[in-house]
Amino acid sequence: MSEFIQVTTTAPSREEADRIAQTLVERRLAACVQIAGPVESFYRWKGALERSTEWLCLIKTRRANYAAVEAAIRAGHPYEVPEIISFPIEAGSEPYLAWLRAETAE
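Numbering (this note's numbering), first residue to last: 830 to 935.
No wet-lab data here; the hints were simulated from the structure. Please note: incorrect hints may appear among the correct ones.
To be verified - With a straight-line cut-off of 25 Å between C-alpha atoms, the simulated DMTMM-like cross-links for lysine to aspartate or glutamate are:
1. K875 <-> E832
2. K875 <-> E912
3. K875 <-> E899
4. K875 <-> E845
Throw the hints in and build the complete structure from the sequences for me.
Right under this line is the structure:
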C-alpha cells in the first residue's frame, strides 16, 4: 500500500479553494495543494441536473493523514456534500516523495 495519496476536492470560489489550501498546508496536513480552474462540473443533485463553476484542489499528503484532511475540508466547506476522494500515489521521483514526507505531519 502506498504511503502517499492525492486527495481531490472542489470549491465554489477561488477564495474558498485558497482557504482550503492554506489551512491544509499550514497544519502540515498536506505538503502541496494545487488549485486548477475554473472547471465546469455537471452532476445530479436532489433529482435535478446541475452545472457549477468550481475550482479543483489537488492535495498531496500521507495516507495516514486522510481522516484529518477530510475533517479539515468538511469543517468549513459550504457544500452539503463536498467531493472528497483520494487516489494512491503509486510511484514518484524519490526526491519529491522525500520532500512530501518531510513537509507533512506524521
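Evaluation of the provided hints:
no., hint, result
1, K875 <-> E832, "violated, 36 Å"
2, K875 <-> E912, "holds, 15 Å"
3, K875 <-> E899, "holds, 23 Å"
4, K875 <-> E845, "holds, 23 Å"
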